[in-house]
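Enquirer: Chain by chain, the residues run as shown.
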Amino acid sequence: MFVKPIWASERRSDEGLRRAKSESVSEYNRINSGWITMNIDLTAGHPGQTSLEKNFERLPDLVNTNRPLCFRGRRLTATIRISIGPTDYYLRLEKGRIVSLTKGAALLKSWVFSIRAGAEAWEKHWQTYPPPWYHDLFAMSKNGTAVIEGNLTPFMAHLQYIKDVLAAPRKLSALKGGE
Amino acid sequence: MKVHVEPIVGRYMHLELQGRPHRIYFEEAGSGIPLLCGHTAGADSRQFRHLLNDEEITKRFRVITFDMPWHGKSYPPQGWQEEEYQLTTDSYTAMILSVAAALGLEKPVFMGCSIGGRIVLNLAAKHAESFRALIGLQCAAHQTPWYDTDWLHRSDVHGGEVCAALISGLIAPQSPDETRHETLWQYMQGGPGVFKGDLYFYRVDSDLRGILSQIDSRKCPLYMLTGEYDFSCTPEDSRNTAEQIDGVEVVIMEHMGHFPMSENPAKFRQYILPLLEKIQDGK
Numbered sequence: 001m002f003v004k005p006i007w008a009s010e011r012r013s014d015e016g017l018r019r020a021k022s023e024s025v026s027e028y029n030r031i032n033s034g035w036i037t038m039n040i041d042l043t044a045g046h047p048g049q050t051s052l053e054k055n056f057e058r059l060p061d062l063v064n065t066n067r068p069l070c071f072r073g074r075r076l077t078a079t080i081r082i083s084i085g086p087t088d089y090y091l092r093l094e095k096g097r098i099v100s101l102t103k104g105a106a107l108l109k110s111w112v113f114s115i116r117a118g119a120e121a122w123e124k125h126w127q128t129y130p131p132p133w134y135h136d137l138f139a140m141s142k143n144g145t146a147v148i149e150g151n152l153t154p155f156m157a158h159l160q161y162i163k164d165v166l167a168a169p170r171k172l173s174a175l176k177g178g179e
Numbered sequence: 001m002k003v004h005v006e007p008i009v010g011r012y013m014h015l016e017l018q019g020r021p022h023r024i025y026f027e028e029a030g031s032g033i034p035l036l037c038g039h040t041a042g043a044d045s046r047q048f049r050h051l052l053n054d055e056e057i058t059k060r061f062r063v064i065t066f067d068m069p070w071h072g073k074s075y076p077p078q079g080w081q082e083e084e085y086q087l088t089t090d091s092y093t094a095m096i097l098s099v100a101a102a103l104g105l106e107k108p109v110f111m112g113c114s115i116g117g118r119i120v121l122n123l124a125a126k127h128a129e130s131f132r133a134l135i136g137l138q139c140a141a142h143q144t145p146w147y148d149t150d151w152l153h154r155s156d157v158h159g160g161e162v163c164a165a166l167i168s169g170l171i172a173p174q175s176p177d178e179t180r181h182e183t184l185w186q187y188m189q190g191g192p193g194v195f196k197g198d199l200y201f202y203r204v205d206s207d208l209r210g211i212l213s214q215i216d217s218r219k220c221p222l223y224m225l226t227g228e229y230d231f232s233c234t235p236e237d238s239r240n241t242a243e244q245i246d247g248v249e250v251v252i253m254e255h256m257g258h259f260p261m262s263e264n265p266a267k268f269r270q271y272i273l274p275l276l277e278k279i280q281d282g283k
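So the sequences go chain by chain: A and B.
As numbered in my numbering, residues 1 to 179 make up the first sequence, in order.
As numbered in my numbering, residues 1 to 283 make up the second sequence, in order.
Just so you know, these hints were derived from the structure itself, not from any lab.
A hint or two may mislead.
As the list claims (entries may be wrong) - Here are some chain A residues pointing at chain B (derived, C-beta under 10 Å): (1) THR65; (2) PRO131; (3) ASP136; (4) LEU137; (5) ALA139; (6) ASN143; (7) LEU152; (8) GLN160.
Claimed, not checked - Covered, in the sense of this in silico footprint (three residues per stretch, anywhere, with C-beta under 8 Å from a C-beta of chain A), are these stretches of chain B: (9) 145 to 152; (10) 159 to 171; (11) 223 to 234.
C-beta: ideal position from N, C-alpha, C; glycine also.
Using the sequences provided together with the hints, build the complete structure.
Expert: Here is the structure:
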């Protein structure tokens, strides 16, 4: 029996790739639109960037190279805000892929829903095996270390996808042989 | 081709519950002391498939599990389309006693998880004489609600997907992928509003803190096991309950969440085997 991978219908043809290159999309989307193999440089970064921020900024690589995950998010197009302590990030999701990740407060920037947690909470959440109360967004919400707000209908409609997107940096802990 | 056929046998029983005829699906394997198992809210009896296939257990226990009405292969009662499903403490208690009686079980052990863990406390307080022992998995007399259950039954959010996504965080991160996703699949297959209807019992109709003083664990031994990753029925919730009952202690299961028998059967075995041995020896 032949079983078609669930994302097969979403895979872009060469024509699709050419079209994507001509579209005004972010560098990440252009690079990743052909489902390239993830090749992450764990030492890359820029001055002043915390290791936590560095890991989080790998999110487009981690998500866009995960075909089943992108497939599950294919009905979601939205801008969401993720805050790591005082640092805000705006994630632009289009059909389940991250097309841009913008750091820093932006005046009057609108978002559909937002998840805020302190750096310590995210650090625990992104361990390979997070400790109890830090292994799930709702656990963090229940113990008061995370705040989920905004329009919760698209959030709940794509709950497992969002949870998996935001847990994706765990893979970096695993790659580093971390906790 | 070599085929492995499991020793589990599944059948249907017809019985009256709450004055209405029901067709209830149940499975069993093994012989010996009857061990009746109750699944979690919004799921079904498949959660116990590893227990039913465990020879170490089935050589000493007749393990039986059933799908509650509205769950798994047990249909809702006739006319269900005109009503909203709501499980209550009374209907749940009567269901367990009726199933045990219908199968002719002589003083069975009852083991329930989550809502099944909660109802164990009511059975211990009011029907201790009917059971040889009671085991509450993820058991507490009360829990603090942590989300709005309206999300579980809406036309604009897929019920199966949201139910599974909600409970996915209650599975420990160490649990194997295969059994984690089996556990999620059970939730993805629940009928519309059924998980929410079960939680009516859990959230609204079963604050059992007031009856804990009626429990005498010498009449019927009561055991409690709770996974350390469960943030719904937390280890603290279980400890708070156990503190109110003489002679009862909670075992906190390491690297385990809300669905021990289903999410990590190999790990659960390490905790349940010694306990079943104790029950068999009458200790």
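Enquirer: Confirm or reject each hint.
Expert: Here is what the structure says about each hint:
Interface hint status for THR65(A): violated, as the beta-carbon distance to the closest one in chain B is roughly 19 Å, over 10 Å. Annotation: PRO131(A) was flagged as interfacial toward chain B, and the flag holds, the nearest CB pair being 9 Å apart, inside 10 Å. Annotation: interface hint on ASP136(A) holds; nearest CB of chain B at approximately 3 Å, less than 10 Å. The restraint placing LEU137(A) at the interface with chain B holds, with a minimum CB-CB distance near 7 Å, inside the 10 Å limit.
Given the 10 Å rule on beta carbons, the hint for ALA139(A) holds: about 4 Å separates it from the nearest Cβ of chain B. Among the interface hints, the one on ASN143(A) holds; its C-beta lies about 7 Å from the nearest C-beta in chain B, closer than the 10 Å criterion. Taken as an interface hint, LEU152(A) checks out: its beta carbon lies about 8 Å from the nearest beta carbon of chain B, inside 10 Å. With a least beta-carbon distance of about 4 Å to chain B, the hint placing GLN160(A) at the interface is held under the 10 Å criterion.
As drawn, the segment 145 to 152 of chain B meets chain A at 3 residues by the rule of a beta-carbon pair under 8 Å; at three or more, the given contact holds. Residues of the segment 159 to 171 of chain B lying with their CB closer than 8 Å to a CB of chain A number 8, which satisfies the three-residue condition for coverage. Residues of the segment 223 to 234 of chain B lying with their CB closer than 8 Å to a CB of chain A number 3, which satisfies the three-residue condition for coverage.
The structure fails hint 1 only (numbered hints given earlier).
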